[in-house]
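Asker: Using the sequences and the hints, build the whole thing.
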Amino acid sequence: MNETVVTVVGRLVRDPEVRFLEDGTALCRFTVVTTPRVFDRTTGEWGDGDPVFLSCSAWRMYAENIATSVSRGTRVVVVGELRQRTYTSTDGRARTIVDLRVHDLAPTLRWTIARVTRHGWADAVRSGARPETKGEEGEGERGAGSESGEDGRKASVPLPRTGDSSPVAPASPVPLSPSTRLWSPWPAVAAPGGGGAEEGDPPF
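Residues in the sequence shown are numbered consecutively from 1, following UniProt numbering.
Hints listed in this document are in silico derivations from the structure and should not be mistaken for laboratory results.
Keep in mind that a hint or two might mislead.
Claimed, not checked - Distance ranges between label pairs, derived from CB positions: (1) THR68 to ASP91: 31 to 41 Å; (2) PRO51 to LEU109: 17 to 27 Å; (3) ALA94 to ARG115: 17 to 27 Å; (4) GLU45 to SER71: 18 to 28 Å; (5) ASP50 to ASP23: 20 to 30 Å; (6) GLU45 to ARG93: 39 to 49 Å; (7) PHE53 to THR86: 10 to 20 Å; (8) GLY24 to GLY47: 44 to 54 Å; (9) VAL38 to VAL13: 56 to 66 Å; (10) GLU17 to GLY44: 22 to 32 Å; (11) THR112 to GLY92: 25 to 35 Å; (12) THR42 to THR68: 44 to 54 Å.
Using N, Cα and C, we set each Cβ at its ideal position, and we do this for glycine too.
Answerer: Here's what the structure looks like:
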């Protein structure tokens, strides 16, 4: 696949807006404005260029995390895939817009102090729960393994909604009794001195 992945640094024009589809999938939309610095050869000074407004979208739990983490005016770094889509406006004309499908987002720390709160979803994954990949609106997509990763995934364990701070308890290890036998690639061999050998003892 040929993807146009870009990194944008800018500020949120307004608070992110979240809506839920009929199946409960969260969709977050927001706009980032970035103003490039340009050099004026006439004056020999640097100045602000024309601002660029970029529409962004994020899905599922990532959408909810973004909506609760950043707000209007927050300076962020956004990494995502540019997508072009065409739609018909109310006046019947076909219009084309470019949208940034967010892969990752974080506040810049140049003028901001951020505190990281690990989501309960991460604990659920570490406990061994495997997320399932689910396409969006009939569109196939890769499971976000990047930290691409939460995007495009639906965990097989209950996921806490926004505002739910209760952690997901990790799975407890299963105790092994003395009679429990584990698989090993080593064959059973006779121990020195004629003693019996347990299956799984290495032959040296």
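Asker: Hint by hint, say whether it matches the structure.
Answerer: Hints, verified against the model:
no.	hint	in the structure
1	THR68 to ASP91: 31 to 41 Å	holds (36 Å)
2	PRO51 to LEU109: 17 to 27 Å	holds (23 Å)
3	ALA94 to ARG115: 17 to 27 Å	violated (46 Å)
4	GLU45 to SER71: 18 to 28 Å	violated (33 Å)
5	ASP50 to ASP23: 20 to 30 Å	violated (40 Å)
6	GLU45 to ARG93: 39 to 49 Å	holds (42 Å)
7	PHE53 to THR86: 10 to 20 Å	holds (19 Å)
8	GLY24 to GLY47: 44 to 54 Å	holds (47 Å)
9	VAL38 to VAL13: 56 to 66 Å	violated (21 Å)
10	GLU17 to GLY44: 22 to 32 Å	violated (43 Å)
11	THR112 to GLY92: 25 to 35 Å	violated (44 Å)
12	THR42 to THR68: 44 to 54 Å	holds (46 Å)
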